[in-house]
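Line order of the protein sequences matches chains A and B. Each residue of the first sequence is one higher than the one before, starting from 3 at the first, in the numbering used here. Each residue of the second sequence is one higher than the one before, starting from 731 at the first, in the numbering used here.
By construction, these hints were calculated from the structure, which means they are not laboratory data. Small disclaimer: the values here were computed from a predicted structure and weren't measured. Idealized CB from N, CA, C, for every residue including glycine. Honestly, I wouldn't trust all of these hints.
Anything over 12 Å on all C-beta distances counts as not near chain B; from chain A, calculated [unchecked claim]:
(1) S59
(2) Q124
(3) Y139
Which stretches of chain B does chain A cover? Using the computed rule of at least three CB atoms under 8 Å from a CB of chain A, they are [said to hold, decoys possible]:
(4) 850-856
(5) 992-998
Now for the letters of each chain:
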Amino acid sequence: MKNKIIVFISVLLISISLYNPEHTNAASGYQGWAVYRDGVQGQSYIWHAGLMYAANSSYTNAVIQNRGTGYVRTDTWSSFINGQNFKGIYRPKATATNVDRDLFVAMGRNLASQYISYTVMQQMAVNGGPNGSLGSYFEPAEITDMRCDGVVEYIYEWEGFRVWGSNSFWDISVNNPNNLQEHMGFAVRPEVQKNYLTLVTTSSP
Amino acid sequence: MSKVLKQTFVSIVTLCVIVSLIFITVDLTSNENSTRAAGSSGSFSPVENTFKKYANKEANQLKSEFRKLKKDELIKELNAISETNDEGLLIPIASALEERKSEFSNGELIKFIKDKENKSLSKNVIVDIYYSKNFEQNSPNKTLSDTDIYNLISDKAIEDEIRAKIIGKGKFQNADLPILKQILETEEGIAAFHSLKQISNISPTEAYELSQELLDNKDNISKEKQAAALKATAKYLKANKKNKIKNYKELQSKFIAQSKEVLAVESDMALKDTAVFSLSDIRSKEAFVEVLNNPNIDTELKIFAVNQNYSLLKEMLGTNISESDMAVVIKAMEILPLKDLETELNSYKGKLINQQFNERLDSVLLNIKTNGHNVNKKWIDGE
């Protein structure tokens, strides 16, 4: 019996030693969380959103965002904050693991590789090409423009983490006119979006 | 004595006058500042005046104010807000413009976009207004060439990012290939990127051939064009895998080598990421293995690739998996343990010839039980 226990423990230890995960939990600091700041020069009601690409703001590329000019990109903290007041770090209401956060950041990097234009009219617009052929879900390559809060919305909802929208049409990545319509217009904006997330901290990352 | 008193009196009066003048001057300056703070043009810049006008007003209130403006005032305010470079402030005015889009003719909108006096931020909004007017949901297949905004895509006097937006949002057809190729050939910015992307939508084969020319000359082209070429090549290879074309293996090998080089030598992160995502997008074993094994790829992107290539892994686990394929699957599961492959993996438990693989498989199955992740099945839809 004693020998069997020794053999069992030995096999267990060998298995554990041979376990060679290249990665366990890569996400660190505030990676994958949404960040917000208010508007310029006394405009405290209208906010801007981004997603933390790096663990904190000290990294050269700290944020994934879409400003009014250019396209979705990784960017510096100073470009994101733009001299304004930081308003907070937020995460999805549902619990996200470190793997989920890795996927958030990875999707953000994917969006940043697509040269997606800016739009102020809605969170996201899509184009299926000449035949309008889009699948059941909008993939990154099918997105034509995004607003800053659209970047956060899509990244979270692609992975199934609900942010803004009704019970039926909250997922912005679903190819359904109602889902896109739900994320259009004026009802949702960055300063509204944050109410559908959970505050992590008001301290700057 | 009286003379002394007189002189003293005059001195005191003079001093009083001087002091009074000083106080009056200070008071006048203070009043002027107060007047500026109340919103008059004063000596503040137009941008500062815009900020002061809209400071501490909530978005709904701003939209309500914009709704009341006359048409030309609305455009003037759009430009004023664009001058601030605060894109957030554009949200309420853009919403008001959208409600009133019928007041603007297509000609007026085109003229606005062409006008060099108007800022890029304003033009961005007007492009959206144009699209909203002309490409409603009931005309989803309307092509860009049916509209007069089409003429702007090759007008280099218009900002690259504005033309890129127009091209990106539009639908094109075979007849548009010459103009898209011309933009691709003569430009280096994001308009060129989106031109190749649209060529790829119309003719993936033609886009592939153009892409190979670009990648063969990559040291002399922009990052944007390289990125577009990588993506168009991946799209072509994905569509033609499973031996739809005779020399597929050679073409794929060449692309993997091209991507590896980008990952090894390129410093631009977005371009490197493009190479990774392009490889993962193909959803082929060879391309996926490159992502798994390449040391120049961050772990979070490998996790992304495992998630995206779930169907490939499931297929590999199908029947009588080879030792080399099992090594790939085990490595993938060590990066991202997918619960959805537990059943297939369990069917090989203890049955692999390589004892080390058996042990690693046991570890993977243990990890799936404790830390397993549900695959995102949205990726399956795109295969």
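Please flag the earlier hints that this structure goes against, numbers listed from lowest up.
2, 3 and 5
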